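Peer 1: Protein sequence lines, in the order shown, are assigned to chains A and B. All the letters of the first sequence, read from the start, carry residue numbers 1 to 90 under my numbering. All the letters of the second sequence, read from the start, carry residue numbers 1001 to 1719 under my numbering.
The set of hints was computed from the structure by calculation and includes no laboratory data. Note that this is a predicted model, so its numbers are computed, not measured. Please note that the accuracy of each hint is not assured.
Restraint-style ranges between C-beta atoms, simulated for each label pair [as the list claims (entries may be wrong)]:
{"hint": "1", "chain 1": "B", "residue 1": "LEU1479", "chain 2": "A", "residue 2": "ARG32", "range": "46 to 54 Å"}
{"hint": "2", "chain 1": "B", "residue 1": "ALA1320", "chain 2": "A", "residue 2": "ARG32", "range": "40 to 48 Å"}
{"hint": "3", "chain 1": "A", "residue 1": "ARG32", "chain 2": "B", "residue 2": "PHE1404", "range": "45 to 53 Å"}
{"hint": "4", "chain 1": "A", "residue 1": "LYS55", "chain 2": "B", "residue 2": "ASN1306", "range": "13 to 21 Å"}
{"hint": "5", "chain 1": "B", "residue 1": "LEU1309", "chain 2": "A", "residue 2": "LYS55", "range": "40 to 48 Å"}
{"hint": "6", "chain 1": "A", "residue 1": "LYS55", "chain 2": "B", "residue 2": "GLU1283", "range": "21 to 29 Å"}
A virtual CB, placed ideally from N, CA and C, is assigned to each residue, including glycine.
Chain by chain, the residues run as shown.
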Amino acid sequence: MIIIIIFKIMLENGVCLKLSELKKHQEARVVRVDAEGELKQRLASFGLIRGAIVKIIDCSIRKSTIEIMVDNTLLALRKQEAEKIEVEKI
Amino acid sequence: MSCSSCKIETPKEYGVGAVKIALAGQPNVGKSMLINAMSGGNRVKVGNFSGVTVDKMEVCFEHHCHLFDLIDLPGTYSIDGFTKEEKVARDFLLNGEYDLILNVVDATNLQRNLLLTTELLELNKKMVLALNMMDEAEADGIKIDKEQLEKILGVKVVFVSAKRGEGIDELLDTMHEIAESSQRAHSRLIYSDPLEEEIIKVRKFLDEKGFSYRDWTNREVAIGLLFEQEKLYKELHDNPIMIELYPMIREALEHIYTHHETKDIKEIRANEHAAIARGVALEVVQQNQAPNSLTLTQKIDSILLNKYLGIPIFLFMMWALFWLTFEFGNIPMEYIDAAITAFGDFVGGYIVDDEIRSLIVDGIIAGVGAVLLFLPNIVILYIGIALLETTGYMSRVAFLLDGFFHKFGLHGKSFIPLVTGFGCTVPAYMAARTLKSEKDRLITLFILGFMSCGARLPVYVLFTGAFFSEAVAGNMLFLIYILGALIGLVMAKLLRIFVFKGEDEPFVMEMPKYRLPSFKLIWHTVYSNAASYLKKAGTFILLASVLIWFASNYPKNESIVEEYSKKIELAKSKEEKEKLVLKLQAKELESSYLGQIGKFSEPFFAPLGFDWRLSVALESGLAAKEVIVSTLGVLYSIGKVDQTSSSLKETLAKNLNIPTALSFIVFVMLYLPCFAASSVFTKEAGGFKYFVYLFLFTTTTAWLLSFITYRVALAIFGS
Ligand SMILES: Nc1nc2c(ncn2[C@@H]2O[C@H](COP(=O)(O)OP(=O)(O)O)[C@@H](O)[C@H]2O)c(=O)[nH]1
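Isolated chain B (complex conformation):
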């Protein structure tokens, strides 16, 4: 697709002289996939439930030596509505700068998609219609008369299949051509007779007055006026012609109201659009049999949404996902662990200087290695979530669970951000934007942190692995996730009762057709997530590891070292010597910066059974949860009893008891999300004060429940 002769050298050149395209379409029409197909490189996340893309997103690429700059707008069923996405899309379409609108449409469901198309046509911008999913339409025996469709709508139509990469070249060429052309094609939509009558009256008047507005025809102005387009009124406000227009429009509207038996112009507009969509579909779509894909979807639904089977199937799938994450992830983990240890020893052998060796082996390799170890688990978890998303099962789960969620003051749709939260809390916070009611959204935002994100998995795997047998550990992991979710639900109910009282958001959502997951899509999501995890390990966590290493090694307390080295020299038996060396190391750690911080906060954590090391790990985990493990890696490798390389897991098992481990797991499960997530939360919730609430809310919950866990576990297991 790209032509090497004009390869773009620097990203700076992006956007200069490019064709700027606003990409609009309803959810699940394959917008993201089409972007991937057009840009060649896979640059956008693609998913199969409403509202994966909540923000505008920009992608630049070249084709036949032309630059394209795509602005991906959130998928919306309409641009008139009240949701955040709809507002984002509408604002950009009305006020943003772009050359043309690319309206992506699902060819297998033309009629409903046309509801948005008609709204877009009334914006009077250059537009190209891409009929996506043509492969599926063909398989369903759907025939679409392209010429007729172009004639009725007045815009260019291109058949594409994002999945097969068909029609992409034609689409790009068409867009380029339309963008370059000096003329804009005008929409040829025909409304109901009563409305048409009034349109003609207003248009005639405008013609007589020799009125003109932008590149609009007077017919387009008349339609805009009658449908009460706010922006048009604002701009015409000071125009003297309005004095004569107002009474005319008022009268016209009266006529329209009587015909439609309502005074709600929005409703009238919706009815008109629905009638047009129905008419157009009737005229251009030829379909002989019931669409196979839809029949199949209904068949699958009759099993997956079955009254008795639906929920057990769902629970089984969730359980399977977590089981796989642990069991399968464990296999490569052992090798990675061994490799990292061997690598550390190997590198250490070549470094003469003690300080530098400690920095590299104990600091960098131990810290980053501890994080790398969990890559397999994270990859499996992401594959699972991506599968749920792209097949369309996620919406079914919302359907199944709404009754249950509703009892806790949540919305069935909250399920989507909540499940995303098991992957990473950052996109989860953003996915909560699909919730329309502010209260539903805030409640969901507040409890999202209780859904254990992928970065916390390493902590759980480490601790369950250290303290429980392999068979128990897998189930423990499942239990941890369930427990976090349950606590989240209870908290949601409490928030609903005491903080966010009021009306619920209506539950109206599309159930997309089941689609076989595309390998490319899944690979892409998993790859980009894994890559960002690794990138974090390579940059942020590397830095944090060095910092923690430094803080745990400095300041050097010379007097202690001297005192002990004398004692060690004087020691008679070998045993005594070893004891003294250990004591020295412990003393050195305690007097380090890290030790000081840990000591300072120890009283706060002491009732939970945490020593200063665990306290420090928790505090450093505020930067990113993966850092908890790397901190423990550094702290415990320094204070290691012997020089043989025993793994962190074994060290922990030796140093801690079960009640402390359980209490630590509970605290990690519930306390404040990482720095990145917290800042997204602050932005999404709408202010710093919400962050303060979140901090107090999560810290209190975490502390109290950890305390209870610790005491109960002490009573059961003893210390």
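So that you can see chain A by itself, here it is in the shape it has in the complex:
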């Protein structure tokens, strides 16, 4: 019972959310960047690392690209990359 409740709370708080699943104007904190080498380094050079606060600004048609804001920087990501970033809503 308790487990179910905890699980429900986790779901509601969106613990296991992906960046690509956020809606326009939603804000979240990065929990994990599930990428290796090159991509990880690239994201890090923009400040996209664990603990960073991100906000969805805009999406292109069918969400193929997403515009986000990290520390006053506007970034464009493709959906595939956004799926690799795990976030929690705040």
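Dock chain B with the ligand against chain A, hints included.
Peer 2: Positioned in the frame of chain A, the structure of chain B with the ligand alone reads:
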């Protein structure tokens, strides 16, 4: 800014005793603009999308009688990464010779910019920090505590505004002073507690051993060792101290790994830097309201990136650009055309000798004039592209189009080189370096030639103008460009499927803030492009014109001339005489060198409907596309029916039919880029074999599609 008492006389003196500065900064921080502001003369191209400067670039100037030698490194977000630019920047910073690093930073976005600054500080070189865009920071209500920032980083900080030219003198004086000083200030960055603990341990050990390395402090060495700086390890490799150091470092790293929950030292370093950047920004930046410029950018984005409006707006802008290029460009064109013709007649009137007159009027003036004619179109096109670049709209377009481009196996960022390709293919090939994945880059390189460059515009304008009414011609022009781009996309897909298979490059790019285009910047880009176009007209094309004139006039075939002059004398009616004169001219042309070349390649081009003149024009166009028009100018002015000066346009309309014209346009649109571009391609793609591939690829495509166009047009229009 410059002091006349010590004006540098010869460029040779440049660099001797100069302060050598490595200019590093993230993209769009105003590096190029700052160079212009510092050097007084506008010598670098400035643009507002990632990676305009892909190569190192050197600028020399003087200030208060001191020489400065700037090496502009490509703008990069980090110097640790995998892109070509990052490698270029890193290699130079590590191994190049310079006195100090000038790190240019966008004051309105200090935190992210500090990520690079921290990396640079760990290089342990002399450094000056220029906080650019102070005007914008002020307008945004951002206050920065300079003294505190200097204290934390341990380097001199100067506030500047490249746009307003503020703080430039101070910056130059500071750089001079730092370069001259015998001591290097040491970075005072403080890392996280667990890391600091290990740094202190290693440092203490080094102190005890009395170790010293270059002008580094032992703390700096300890940091370098813990962050696994390759160069440091290489140089210390044979040092006996390493025997004791290795186990110590291994243990230290183990501790650090447990704290950071990862064994990736690069990631740890990135996390440390991010923490420092956040901390520093928190401490020195005071900001009360949301920055206006950022809010404004988001507002504009909500329109320009709108799901439904974004793409139509983009298409409209592109269409407007081409429409303006044609419609507006046409107005001065008529005057220039008339002026050139009048000038030719005027000059011709003073020359007695037939041969020389023909050389000057038919060769030089007709050839160079045909190229000059298109200067207005080219200027307008360049203004348009420069506007897209400097306002920041270009990155939005990449954002909008990535979904579409991705389907064709391209990257949204390919858009930047592709659009640059509409201006000139040479910088476009270089701009492709922003693409990280080798395959994405090669595909983009191969199809870039299909984006019609500015030099091909004259051919299109000439042919559409000759065969279609003015109203249709503008749309035709738009269609030509679109068609070229579409063929490029289809080819990209084919290349992706059959030749370059594999993983895609990730799409992560900054969307710079919208900025009002600076008139000076635009003027500068347009001016330098127009100047280089004119220079080409004055040198290369002049030479080519003379060459083509020569090749079309020689060798003189005396027997034909004699035979015909007799016939002409004997001719009874005036009509017959004229016919014979024409025949003679045609015969003479055919027996000339040019005629021989054209005849030789005619069978290859015949199925496309080209006579030997068009064949020759295409071949000479390999030197530079502008030469196509000048060649036609020379060829058709010699074989002109009457001596009144009818324009090339009219002559073409009389001599060719629509299917041939269309087929010719398609061929010009698709065949091998000019000599200069091809050599850049060979260099960028990485070898001569790629040039051979490109030659085969473009020639086959051009020939096949021209053939289809010709046959279809014949069926529709008839001959
Ligand atoms: N407001 C303001 N804008 C600037 C300043 N310096 C550069 N810019 C603008 O910033 C944009 C990028 O500049 P650029 O020199 O191309 O940056 P680079 O990519 O670092 O070479 C351009 O649109 C410039 O007009 C400045 O000091 N103040």
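Peer 1: Each hint needs a verdict: does it hold in this structure or not?
Peer 2: Here is what the structure says about each hint:
1. LEU1479/B - ARG32/A: 46 to 54 Å: Since LEU1479/B and ARG32/A have Cβ atoms about 49 Å apart, the given range 46 to 54 Å holds.
2. ALA1320/B - ARG32/A: 40 to 48 Å: With Cβ atoms ~45 Å apart, the hint holds.
3. ARG32/A - PHE1404/B: 45 to 53 Å: violated (31 Å)
4. LYS55/A - ASN1306/B: 13 to 21 Å: Hint holds: Cβ distance 18 Å, inside 13 to 21 Å.
5. LEU1309/B - LYS55/A: 40 to 48 Å: violated (22 Å)
6. LYS55/A - GLU1283/B: 21 to 29 Å: holds (24 Å)
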